[in-house]
Amino acid sequence: MVSIGARHASTTRQSFAVKLCSTIDSVGEVSEAVERAIQAAQGACLTETDLGIGQRTVGKVRDTYDVDDKLVIVTTDRQSAFDRLLASVPYKGQVLNQTSAWWMLNTAHIVCNALLSIPDPNVAIMKKCSVFPVEFVVRGFMTGSTDTSLWTHYAAGERSYCGNDFPDNMRKNDRLAQNVITPTTKSATHDVPISASEIVQQGLMSQQDWEEMSAAALALFNFGQEEAAKRGLLLVDTKYEFGKDADGNILLIDEIHTPDSSRYWLADSYAARHAAGQEPQNIDKEFLRLWFRAHCDPYKDKVLPEAPQELVAELSRRYIVLYQMITGEDFEPASPDEPPAGRMARNVKAALKQL
80 MVSIGARHAS TTRQSFAVKL CSTIDSVGEV SEAVERAIQA AQGACLTETD LGIGQRTVGK
140 VRDTYDVDDK LVIVTTDRQS AFDRLLASVP YKGQVLNQTS AWWMLNTAHI VCNALLSIPD
200 PNVAIMKKCS VFPVEFVVRG FMTGSTDTSL WTHYAAGERS YCGNDFPDNM RKNDRLAQNV
260 ITPTTKSATH DVPISASEIV QQGLMSQQDW EEMSAAALAL FNFGQEEAAK RGLLLVDTKY
320 EFGKDADGNI LLIDEIHTPD SSRYWLADSY AARHAAGQEP QNIDKEFLRL WFRAHCDPYK
380 DKVLPEAPQE LVAELSRRYI VLYQMITGED FEPASPDEPP AGRMARNVKA ALKQL
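Numbered according to the working numbering, the sequence shown spans residues 80 to 434.
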């Protein structure tokens, strides 16, 4: 069983600045042992699963197994953006799973969540819920590079987006006057921006449910920003998903404040870089998005270029560095001595017996 809250006291490991090609801006360091693990895992990432239980649904990043009144969710190393699979990133799944678990444990005082157990580095067991078909995207900055991003629409001349109005003369990466929600519909292929009034009018949720979940989303984001600031980070934007359990309780589901669902910037360099017209130092998957934007049209090109191996390794480092900054724990890569399929199946079986 993975310990989420335990702090690792090892302080003797030597860390080193990762050598990168000149086109990649490194934002942190990992220990020598972790760097070796990243290099060893290249080409051997967790991309497919088969636990042999329940009904399996394969998503962009997660494989979900429907088992009675529970969902067994495996977070793989698959990397998606622009509604497409871009690469496989060493230890990405473990980082996402354990980062989300840390945040769920530390935000339960704001809103209850569906998390029941973390039996394995890559696995979460959740209470089954009826999922609302809306993603609550919360933003604190004028930024983004996807078709649904705030900056994309603002740069195209729009001053009203998802029911929110914005002033003229804003620049990319400006901080917003206040945090806003820009919802999207949930879709297996492409998310569509929508306003609060449209959500209620279309019957996607009631007015009461919207008010409860939007308040929870803003409270979660405010808390996330406060905690991120203590760690030298800016939580730029994120998304939340909610569901109702069998008793009618609204619960936070899926993931929270991971580098897949959120943008994080390094706080100490933001002001100077923004004043100079430079992109902030991001510590999430945005730099991978920007690389693909510079080398192809990820929405229109049928065949995408292969991400350079060093770029993928740097994304792994960034995810791991972010995990360590947020949790205060050293990252412990899942044991390479046992194939993940057998490890996960054994751990999940034991956990389900206890729940």
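Hints were generated in silico from the structure; no laboratory data involved. A hint or two may mislead.
[Unchecked claim] Below, computed lysine-lysine pairings styled on DSS-like, alpha-carbon distance capped at 30 Å:
1) Lys379 x Lys265
2) Lys206 x Lys149
3) Lys379 x Lys251
4) Lys149 x Lys432
5) Lys428 x Lys323
6) Lys251 x Lys207
7) Lys381 x Lys207
8) Lys206 x Lys432
9) Lys251 x Lys309
10) Lys265 x Lys323
11) Lys379 x Lys149
12) Lys265 x Lys206
13) Lys139 x Lys207
14) Lys206 x Lys323
15) Lys139 x Lys379
16) Lys206 x Lys379
17) Lys149 x Lys428
18) Lys265 x Lys149
19) Lys432 x Lys323
20) Lys428 x Lys206
21) Lys428 x Lys207
22) Lys379 x Lys207
23) Lys432 x Lys309
24) Lys323 x Lys139
25) Lys251 x Lys428
26) Lys251 x Lys432
27) Lys265 x Lys381
28) Lys207 x Lys149
29) Lys139 x Lys251
30) Lys149 x Lys139
31) Lys251 x Lys149
32) Lys251 x Lys265
[Said to hold, decoys possible] Taking CB as the label site, the calculated pair distances span:
33) Leu369 x Thr136: 26 to 34 Å
34) Thr136 x Arg238: 35 to 43 Å
35) Gln118 x Pro418: 16 to 24 Å
36) Gln281 x Glu411: 28 to 36 Å
37) Glu290 x Ser239: 17 to 25 Å
38) Ala350 x Tyr378: 30 to 38 Å
39) Thr136 x Glu411: 26 to 34 Å
40) Ala420 x Arg372: 33 to 41 Å
Positions of the beta carbon are idealized from the N, C-alpha and C atoms, including for glycine.
Hint by hint, here is what the structure shows:
For the hint linking lysine 379 to lysine 265, the alpha-carbon distance of about 21 Å falls within 30 Å, and the restraint holds. Distance hint between lysine 206 and lysine 149 is fulfilled; the C-alpha atoms sit about 5 Å from each other, no more than 30 Å. Among the hinted pairs, lysine 379 with lysine 251 is consistent with the structure: their alpha-carbon atoms are about 24 Å apart, no more than 30 Å. Between lysine 149 and lysine 432 the CA atoms are separated by roughly 12 Å; this keeps the pair inside 30 Å, and the hint holds.
Between the alpha carbons of lysine 428 and lysine 323 the distance comes to roughly 26 Å, so the proposed pair stays at or under 30 Å and holds. Between the alpha carbons of lysine 251 and lysine 207 the distance comes to roughly 39 Å, so the proposed pair goes past 30 Å and is violated. Pair hint lysine 381 plus lysine 207 does not hold up; C-alpha atoms about 36 Å apart against a cutoff of 30 Å. This hinted pair checks out: lysine 206 and lysine 432 have alpha carbons roughly 15 Å apart, not beyond 30 Å.
A hinted pair counts as satisfied when its Cα atoms are at most 30 Å apart, and lysine 251 with lysine 309 qualifies at roughly 25 Å. Using a Cα cut-off of 30 Å, the hinted pair lysine 265 and lysine 323 holds, with the two alpha carbons roughly 16 Å apart. Using a Cα cut-off of 30 Å, the hinted pair lysine 379 and lysine 149 is violated, with the two alpha carbons roughly 38 Å apart. Distance restraint check for lysine 265 and lysine 206: the Cα-Cα separation of roughly 20 Å lies within the 30 Å cut-off, and the hinted pair is therefore satisfied.
Between lysine 139 and lysine 207 the CA atoms are separated by roughly 19 Å; this keeps the pair inside 30 Å, and the hint holds. The straight-line distance between the Cα atoms of lysine 206 and lysine 323 is roughly 10 Å, inside the 30 Å bound, and the hint therefore holds. Our distance criterion of 30 Å between C-alpha atoms is met by lysine 139 and lysine 379, whose separation comes to about 18 Å. Between lysine 206 and lysine 379 the CA atoms are separated by roughly 38 Å; this puts the pair beyond 30 Å, and the hint is violated.
Of the supplied pair hints, the one linking lysine 149 and lysine 428 holds, its CA atoms being roughly 13 Å apart against a limit of 30 Å. At roughly 21 Å between alpha-carbon atoms, lysine 265 and lysine 149 fall within 30 Å of each other, so this suggested pair holds. Between lysine 432 and lysine 323 the CA atoms are separated by roughly 24 Å; this keeps the pair inside 30 Å, and the hint holds. For the suggested pair lysine 428 and lysine 206, the alpha carbons sit about 16 Å apart, so the restraint of at most 30 Å is met.
The hinted pair formed by lysine 428 and lysine 207 meets the criterion: a straight-line CA distance of about 17 Å does not exceed 30 Å. A threshold of 30 Å between alpha carbons decides the hint, and for lysine 379 with lysine 207 the separation of about 36 Å lies outside it, so the pair is violated. Distance check on the hinted pair: lysine 432 and lysine 309 sit about 39 Å apart at the alpha-carbon level, beyond 30 Å; violated. This hinted pair checks out: lysine 323 and lysine 139 have alpha carbons roughly 23 Å apart, not beyond 30 Å.
Distance check on the hinted pair: lysine 251 and lysine 428 sit about 48 Å apart at the alpha-carbon level, beyond 30 Å; violated. Restraint check for lysine 251 and lysine 432: not satisfied, since their Cα atoms lie roughly 51 Å apart, outside the 30 Å limit. Only pairs whose Cα atoms come within 30 Å are accepted, and lysine 265 paired with lysine 381 is accepted, the gap being roughly 23 Å. Simply put, lysine 207 and lysine 149 have alpha-carbon atoms about 5 Å apart, close enough for the 30 Å limit, and the pair holds.
Our distance criterion of 30 Å between C-alpha atoms is met by lysine 139 and lysine 251, whose separation comes to about 28 Å. For the hint pairing lysine 149 with lysine 139, the CA-to-CA distance comes to about 20 Å; that is within 30 Å, so the pair holds. Annotation: proposed proximity of lysine 251 to lysine 149 is violated, straight-line Cα distance about 42 Å (limit 30 Å). With a C-alpha separation of about 26 Å, the suggested pair lysine 251 and lysine 265 falls inside the 30 Å cut-off, and the hint holds.
For the pair leucine 369 and threonine 136, the beta carbons lie near 31 Å from each other, so the given range of 26 to 34 Å is met. The hinted range of 35 to 43 Å is satisfied by threonine 136 and arginine 238, whose Cβ atoms lie roughly 39 Å apart. Here the CB-CB span from glutamine 118 to proline 418 is close to 19 Å, well matched to the stated 16 to 24 Å. For glutamine 281 and glutamate 411, the hinted distance range of 28 to 36 Å is not satisfied, since their beta carbons lie about 45 Å from each other.
Roughly 21 Å separates the CB atoms of glutamate 290 and serine 239, a value that falls within the hinted 17 to 25 Å. For alanine 350 paired with tyrosine 378, a C-beta distance near 32 Å keeps the hint of 30 to 38 Å intact. Between threonine 136 and glutamate 411, the C-beta spacing of about 29 Å keeps the proposed range 26 to 34 Å intact. For alanine 420 and arginine 372, the hinted distance range of 33 to 41 Å is satisfied, since their beta carbons lie about 35 Å from each other.
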